[in-house]
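**Student:** With chain A held as given, fit chains X and Y onto it using these hints.
Protein chains in written order, with our numbering: chain A, 1 to 158; chain X, 1 to 756; chain Y, 1 to 287.
What the hints contain is simulated information worked out from the structure, not anything from laboratory work.
Some chain A residues near chain X, calculated using beta-carbon distances under 7 Å: (1) A54; (2) Q105; (3) R133; (4) A137; (5) D147.
Straight-line Cα separation of at most 20 Å, PhoX-like style, residue types lysine-lysine; simulated pairs: (6) K181/X to K420/X; (7) K122/X to K8/A; (8) K68/X to K122/X; (9) K68/X to K8/A; (10) K280/Y to K451/X; (11) K280/Y to K448/X; (12) K230/Y to K243/Y; (13) K280/Y to K230/Y; (14) K427/X to K411/X; (15) K126/A to K155/A; (16) K245/X to K85/X; (17) K558/X to K577/X; (18) K255/X to K283/X; (19) K54/Y to K77/A; (20) K748/X to K451/X; (21) K173/Y to K280/Y; (22) K451/X to K752/X; (23) K97/X to K170/X; (24) K207/Y to K280/Y; (25) K108/X to K142/X; (26) K122/X to K37/X; (27) K754/X to K243/Y; (28) K54/Y to K10/Y; (29) K84/Y to K173/Y; (30) K748/X to K267/Y; (31) K248/Y to K235/Y; (32) K267/Y to K752/X; (33) K132/X to K57/X; (34) K754/X to K267/Y; (35) K10/Y to K77/A.
Predicted, not measured: the structure shown is a model, and the values here were computed from it. The C-beta atom is built at its ideal place from N, Cα and C for all residues, glycine as well.
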Amino acid sequence: MTQNNVRKVAINTNINGQEMDILVDPYVSLLETLREVVGMTGTKEGCNDGNCGACTVNIDGRIVDSCLVLGVEAEGKNIETVEGMATPEGLHPLQQAFLEEAALQCGICTPGFLVSAKALLDNEPKPSEDRIRHWLAGNLCRCTGYDKIVKAVKKASD
Amino acid sequence: MVSKSKKSDYKVIGTRPIRHDGYDKVTGRAQYGADIKLPGMIYGAVLRSPHAHAKIKKIDISVAEKMKGVFAVMTAKDLPRLSDKQRGNSEESGSEKHLSENVMAMDKVLYKGHVVAAISAKDVNTAREAVKKIVVDYEVLKPVINVDQAMKKGAPILHEDFVGDHLGKKVKNTNVATFNKYTTGNTDEGFRKAHLIIEKEVELQTVHQGYIEPHNGTAIWDEDDRVKIWTSTQGSFANRDSVSKVLNLDVSRVKVTPLEIGGGFGGKIPVYLEPIAAVLSKKSRRPVQLVMSRTDVFDASGPAPGGKVIVKIGVDKDGKMLAGYADIRLEAGGYPEAFIEAAAKCVFSCYDIPAMEIEAYDVLVNKPSSAPYRAPGSPQVAFATETVVDEICRKLNMDLIDFRLLNVAEKGTRTALGPKYRKIGLKQVLEAAKKSDHWQSNLEKNPKSGKLRGRGIASGYWFNIGEKSAVNLSLNMDGTVILTEGSTDIGGSRASIAMQAAEVLGVKAESVRPSVVDTDSIGHTDVTGGSRTTYATGYAAYKAAHMLIDEITNKAAKIWDLSEDEIIYSDGVISSKTDSELRMTLREFADKNPFGPVVSSASVDLEEAAGGFGTHIVDLEIDPETGKTDVIRYTVLQDVGKAIHPAYVEGQLQGGATQGIGWALNEEYFMSDQGTMLNSSYLDYRMPIALDLPMIETILVEVPSEDHPFGVRGVGETPICPPVPAISNAVNDAIGSRILSTPIKASKILNKLKSM
Amino acid sequence: MHPFDYYDPKTVDEAVEILKKFGDKAKCLAGGTDVLVQTRGERYELDAIVDIKKIPELTSLEWTEDYLVFGAATPCYVLYEDPKVCEAFPGIIDSASLIGGIQIQSRASLGGNLCNASPSADGICSLIVHEAECVIAGPNGVREIPVEDMCVGPGKNALSNGEFLVSIKIPLKNSTFSASYERFIPRNEMDIAVAAVASSISLENGKVASCRIALAAVGPTPIFAEEASKMLIGKEPTEENIKNASSKAKEIATPISDMRGTVEHRKDLIEVLTRRTLSKAVERVGV
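In isolation and in its complexed conformation, chain A is listed as follows (with noise of 0.2 Å):
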């Protein structure tokens, strides 16, 4: 308990397919029920505050930045990280084209424009250049310019 009595709330989500039960302090993020609670590290903090897209991950089909997601709403939820893209079958299309058009430079936004191209591709999928900016607006990305980045999710709509 901390100083002021709070106790961690018992709640059962769906993570990546996976059922889970897990204790989490009411008061942190999503984010960090994810990378200390869950041990799921593929989802990142790069300001904590909804301005950079690194935490994002796609709750009940649609993107979120999961700073801003308290980890007890994942109560009843479907929350689908980067670590659920892949299969036993291989990568995931835009994993694919993100190594084949090197759209990567450093990697740390790299799972959150996964997460968001993903959810752009699940429903629109031939998006126009424009639309694929527009749908990434949310996504920082400091290393590439985000030209490559813009290619490849071109590539894996094909």
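**Tutor:** Frame of chain A, contents of chains X and Y only:
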């Protein structure tokens, strides 16, 4: 042994294999600094000064240390007192004392965010709450926040006991840490003879590298006084060196394991959290991890210097440059080093000017201590020089590229700091720019939309440091090769290094498996910075590969009972000169070799390489009612020597250009009068987003360098130099007036338009 | 950050109880895109966060005879992915699709944007020019106020202890009415407005029958520029008349200089954006 390989024969170099660390990075498995978890690990938080300039009178930790969940508290008293001895490595300087005090302030805080104390606790939130309970008694002092304020007579002095070096003379009671002058030829005469002299002054705000991953540090200080560090760093050895100095331990007692790094651009060369994590670990008897918040990164890591630059150039009536003068004043922040020597080196670097005089000031201000940011010092001076060049062209009615070609720096041109250039490729870059589709295309200056359009061009330069790298190779029984190296990989360098070894060995890029290893596992390797990595560590890989071939040849000779000089190794196949039946692939050799492990080890300590020149072309569109500026077309041309992995070279060009675009249009440290940064978040520190940019065309010009067997030149830093002046020149082309301060924001453009 | 407890009431009354009990130590959680940032930034200290998204009225969307009523916690994407809302209220959609990027729009709500009461909010001006109303529940029952009365100061709303915003009502209009919202930002997304304007217009026989203009980021609260709005009534929406109303709006604006903009730039922008949104609104009616 070191020979030039023929360009056309390359099998691996110039191809685009998937990078070896790619699979881990696209699946989220790759372990970055904040991802590591050690058994029993606890978390640290730091207390930072709210004041830009203050004396620390008292620190009261009595309440904080008793809080539930707190393990240990530290202040600068827990660090050894260091001397004024200079540190003297290439990417960082200043004294040991300064290094330590920047990590944690002793008597004085010199910038908002300066660390004053730290706490370790069972979780991050507890540590952060506890830190709030430390009470510090400050005597607040007046801050100086730019070069003018700092250099004014009677200005508050940051370091009372500091002795500045002004033209070799020791000077006390000054905020000018260093004042240097560099002279070649006779500029008075040059300017006297000039037909036209143009002088411009530019002002730049502080900007930040903006890497998405905040600084981190995880440490264990064990009972044998050995410290193990895990961190995201651009240089494990530099990190080890700094940590051991701050903790006053022998270097051999510190081991740094580099984790993957989420961007650096120079900013992750200095140490911030690692020594704190180590001391807290010692006091807590646990591994301790610290991670900066985004606000901390802006407030208290190492931004790029703002400042003022004056450039004056005199030309004859044909446009030939006769003399150049520059006055460079850059903000070092709270501790010395504002990269003025590099700035002086770069200011006239693109031109052949017979007489040059450069005065450069390294100025202390109450801002976080500057760290390198991609070609530190060069973008600032390029803004001034390329503005003057643009103005001269317009005044003389000369073509913007022809003028540059008339004055182009080439092999043999004497540089401002003395040495003459070896083989460089600026001329080829300018010629390629002239022929480029972008330059040849027509820009509709006044489209129906009512927006104003303009085109700008500018050049820039960065040199490549050489320095030390080591590489180890080991042949696996399946014919693949393990490569270990110490250059932390920010942008795909482990692939380029492996490719160079693969080229020599005649195997596929995938057959050489690179790893970036810790300071106990490889020879000394200098930082991933200064555009040196593909060049120097690649060169070490090249050497190690040749040595491995010697080993293979030696053992193959034993297998076949021949003398060594009868063995041929070519394209991954071992054969005999004398007996055509004798033939083994590398895999077959590795499988049957009974003569022990096949390993090699090589190192380099290289001189500076002849650097890379770039020229950028930008088309802008400006909304004349609001001042909003959009980049509608952008082309980067650069002499890349030899592109080992072209996709990652293109990536460096696009990434550097984008940082420059942000620097030009929107990025700045918006300071309050009290010297605090008001916009310390990604919301208001505005870096370009995907929707702000078009595709960025890259044209790789290859003028192989004489300094590397494959002709490699460092490419990473040059691309940030041209964008600010290119954009400023484009704005001038669009609206007929220059904005000579960064950022060139909408309000400035609108004000200009209204005043015209 | 001060640790807080999480509550997820299932009814309006339950929520009111909790909010009343904790007073200013509790805040509602809709999308969390403001409140979580602010509590971490220590703007206030909370003992409780009250997640109102499990109360049906807070996320429902209903067309009554006279109104579109949507819950205060309805995420922006629900509005702009609804073809009927897009057709009826393009001016509201302008706002909903501008607040942050896609990730933010998956969670952020116009209700939250309104209660956050930032002077530069992207949602409030549009609601003002649509004559939207707030449905507020509290210990004394339910009350309704016009949207323009909700913001009483920078970051301060008109809710008192135990009250929270349940839903927003937008009066249905006919095809003679439309609206537009435009903001100026330095980049192309992800920024707080330097200045912004929403304008609504209805036309009758080629003349302006109703007009509302609201300004953001140029005062301590979003400003309903009544004087400027009145100037067009009864007149034709000509370039000249629109220009005059826009100049008036510029006069009404009372911006400050801060890290996002200067007084001068903001005033200039208000004039430009008023002109553009009025013209756009007229164009949308014409279509």
